[in-house]
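Trainee: If you're matching them up, the sequences are chains P and F in order.
If you're matching positions, the first sequence starts at 1 in this note's numbering and goes up one per residue.
If you're matching positions, the second sequence starts at 1001 in this note's numbering and goes up one per residue.
Everything labelled a hint here was simulated from the structure, so no lab data went into it.
Per the computed footprint, the stretches of chain F lying under chain P, defined by three or more beta-carbons under 8 Å from a beta-carbon of chain P, are:
| no. | stretch |
| --- | --- |
| 1 | 1091-1101 |
| 2 | 1104-1111 |
| 3 | 1120-1131 |
Simulated DEER-style distance windows between Cβ atoms:
| no. | chain 1 | residue 1 | chain 2 | residue 2 | range |
| --- | --- | --- | --- | --- | --- |
| 4 | P | 20 | F | 1050 | 46 to 56 Å |
| 5 | P | 121 | F | 1149 | 56 to 66 Å |
| 6 | P | 120 | F | 1149 | 53 to 63 Å |
| 7 | F | 1184 | P | 157 | 43 to 53 Å |
| 8 | P | 86 | F | 1052 | 29 to 39 Å |
Positions of the beta carbon are idealized from the N, C-alpha and C atoms, including for glycine.
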Amino acid sequence: MSALLLRDLRLAVRAGGGFGLGLVFFLILATLVPLAVGPRPDLLAPVAPGILWLGALLACLLSLDRIFALDAEDGSLDLLATAPLPLAGVATTKALAHWVTTGLPLALAAGPLSLLLFLPPGALPWLLLALLLGTPALSWLGTFGAALTVGLRRGSLLLSLLVLPLYIPTLVFGAEVVRRGAAGLPVATPLALLAAITLGCVALLPFATAAALRVNLR
Amino acid sequence: MPERPDGFKGIPWYADDPLPHPDALRIKDGMDRVVSELTCCRGEAIVLEGVSFALRGGRALVLRGPNGAGKTTLLRTLAGLTPPVSGAMPDPEGAAYAGHADGLKAQLTVAENLAFWAAIFGTGPAEVEGAIRGFDLAPLRERRAAELSAGQKRRAGLARLLVTGRDLWLLDEPTVSLDRTAVNRFACVMRGHLDAGGAAILATHIDLGIEADELDVAAFAAKREATLRDPFAEAVE
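Here chain P stands alone, though its shape is the one from the complex (with noise of 0.2 Å):
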């Protein structure tokens, strides 16, 4: 498995690899929205947590369709069927590849950007601490949605159709984590469910994406 996040993790970094795609797509966004709005502290305060939250889900979700599509293209995938290695573990390390790649970074660099926003300071290690433990949920249902669509044919459209709604409850209880945090709030709660929905997500659906990729490899 380390073999595999390796080689995943070293693609990605190689020319054409699309790392930094989401991250270059969240630091726009998080320009564009005090462009848009005008650079007002009392507008934006309140909305940042979200935007940030937004921001973060979309970036996530460019990079997803490359998670097997890739894979699949060269004939990768149906060699990985074959291996050694069980399908879920397969499963298990292709998200992990996307989190460091996508997630981890999200998640450091939101810290910076929030001052384009206007996140009272208070706020910030809540946003850096929601981050970190609710993407790994976007990346693990990302590759579930990636191994239904493998097959397909302009699949990233019905991916994201798919996709989008699985991360209602991380968006949800993230964005609240943040809003409780700058409102001097307590957090446990919506921290609590946003750590299950994350290892729920981290424990169970490797299963599920390894039964969809079976079928999509008949």
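Let chain P serve as the given structure and place chain F on it in line with the hints.
Mentor: Chain F alone, transformed into the frame defined by chain P:
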């Protein structure tokens, strides 16, 4: 020349390559494999019915039949990619599959690609070196797969078979886009594999000069238009 443990001497190899290929030295399981009454499907359509044959260790089986007869379907079923509808077949865990696509990552070098598959299949650098020598890839080892010609890619894709360390090779048109030298080279590797007790099932239209059994896949074509009902697959489509 290193002595083979079983005292086998007749390793066919290139005159300019005095060392036999390491894979030819590795003793394979030499197992007989039996496929009986196998029914295979592609998508939801049943393509082959009642496929039965026995493959002795150390032998190759060439699948014959016109395009669309179900050669690829049979190979994919034996590789474990498509579950068989019914029937008995050997455990796919022992098989290495090479299909139309080579499974190479364009951004990685030949050596990196092979090292990756070695790690996935739990073999080591020795197998990678053997594969590079077996298919004469040494001049290309640091070349990125994106910069290879179609035939070179094919050679790197076939080299992966040696890296897997598995004893049953399932090959779908392995010689596509190979030149004559590369085909000879491939035939040599294949002969070494078979002589050491490995087995191979291949769909090919050219004569590799290997003594092989033949199986006409068209004889097992499904008699009637039959489809499987799979609610999950239907839902996905």
